[in-house]
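Novice: Listed here are the chains, written in short residue letters.
There are 2 protein chains.
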Amino acid sequence: MARNVTGPEIEQLIKLISKLPGLGPRSARRAALHLIKKKDQVMVPLASALNEAIEKIVECSVCGNVDTSNPCSICTDERRDRSLICVVESVGDLWALERAEVIKGQYHVLGGTLSPLDGIGPEDLRLGKLIERASETEVTEVLLALNVTVEGQSTAHYITEQLIPLGVKTSRLAHGVPVGGELDYLDEGTLAAAIKARKEL
Amino acid sequence: MARNVTGPEIEQLIKLISKLPGLGPRSARRAALHLIKKKDQVMVPLASALNEAIEKIVECSVCGNVDTSNPCSICTDERRDRSLICVVESVGDLWALERAEVIKGQYHVLGGTLSPLDGIGPEDLRLGKLIERASETEVTEVLLALNVTVEGQSTAHYITEQLIPLGVKTSRLAHGVPVGGELDYLDEGTLAAAIKARKEL
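Top line first, the protein sequences correspond to chains A and B.
Per our numbering, the first sequence runs over residues 1473 to 1673.
Per our numbering, the second sequence runs over residues 1473 to 1673.
Isolated chain A, as found in the complex (with noise of 0.2 Å):
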């Protein structure tokens, strides 16, 4: 690491920037430099911002996605099929699938997936309160929209079983080549998927 070279406010701003997703030390002293350039403009209205997120963001006790309220707006839609539960791992997935639009039901979020080699048990998700919920009589379906990682895949295999007993439907994402992709960049396991998969024309 380089020596610092500014007063420890700034290098304590640099580092604490360094440690978000994608930025190294070095585009984080870029972003402190902006920051402390643009005062009114960007460092004040984001140090506000962030105090509100911190008094006012809470996770979802029912689903695990973070809002403002608990439950959170999704859980409390009237609008919103309840027959319908969407398992993610993580926020991130849910904010890409209420991007696309195309759940209209529930969420769940898992917060990880299995991982034994890292010492992620069941009892490291929020898998309890997912069995919980799709007891419930008006769930019918239960979504396993995981990523198709083995963990994501062997996750979603596991919760299967759990929810054989509860004679809920389980489904997954179907596998195929996306939309805009190109044949010549994708690996064979997506084009063994696609063609598998293949539908009558």
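Derived by calculation from the structure, the hints in this document are not laboratory data.
Model, not experiment: these values are computed from the prediction.
Hints may contain errors.
Treat identical chains as interchangeable: a pair holds within one or across any two.
Straight line, CA to CA, 27 Å or less: simulated DSSO-like cross-link-like pairs of lysine-lysine [to be verified]: (1) LYS1511 to LYS1576; (2) LYS1668 to LYS1601; (3) LYS1491 to LYS1576; (4) LYS1491 to LYS1510; (5) LYS1641 to LYS1511; (6) LYS1487 to LYS1510; (7) LYS1601 to LYS1511; (8) LYS1528 to LYS1511; (9) LYS1510 to LYS1671; (10) LYS1601 to LYS1641; (11) LYS1576 to LYS1671; (12) LYS1528 to LYS1601; (13) LYS1528 to LYS1491; (14) LYS1641 to LYS1668; (15) LYS1509 to LYS1576; (16) LYS1601 to LYS1509; (17) LYS1576 to LYS1528; (18) LYS1671 to LYS1509; (19) LYS1528 to LYS1510; (20) LYS1668 to LYS1510; (21) LYS1487 to LYS1509; (22) LYS1671 to LYS1641; (23) LYS1576 to LYS1641; (24) LYS1576 to LYS1601; (25) LYS1510 to LYS1601.
With the hints as your guide, set chain B onto chain A.
Specialist: Here is chain B on its own, set in the frame of chain A:
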């Protein structure tokens, strides 16, 4: 732009983070999520570091550096050589030179370069203050450590002309092959400069 899928507080936070250099909307969302997840470890300390920076950081009225004191700690450091002023375009450049520990003298931050097309003239840079500082009897050399760009070099040329009447020595950084640089990856201009300024062994 994607539609908002979270509350206004989180959206505002994402919007402000995305204004930092090097962060787009997608990485800003990831950074915001990271902050929310690591509330006590990252978000709270970052908010307080920003508040402290807002409160304490000022621009040095002598050299244009940013610090918590005015004049800054470099300008008031008695151990530094007062006969040399190193002129840089930005505070980021000053930090880079300080990290390298190569300047034993003072600095002067211009705050940009002359750029007639963008309407940036001599009065938009901290040039008057530089002339004033260079007129002091203890100053014997002004090192123009400006970027080797058209704007940087024409600004250096302009400043040199302004300093002639003061009888102060002006210098610039050497051009050549960067240490660790591979010839194959260097542009013709750098190679030409390196050959022109070659040293006998």
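Novice: Of all the hints numbered above, which does this structure not satisfy? Sort the numbers upward.
Specialist: Violated hints (numbers, rising): 1, 2, 3, 5, 9, 18 and 20; every other hint is consistent with the structure.
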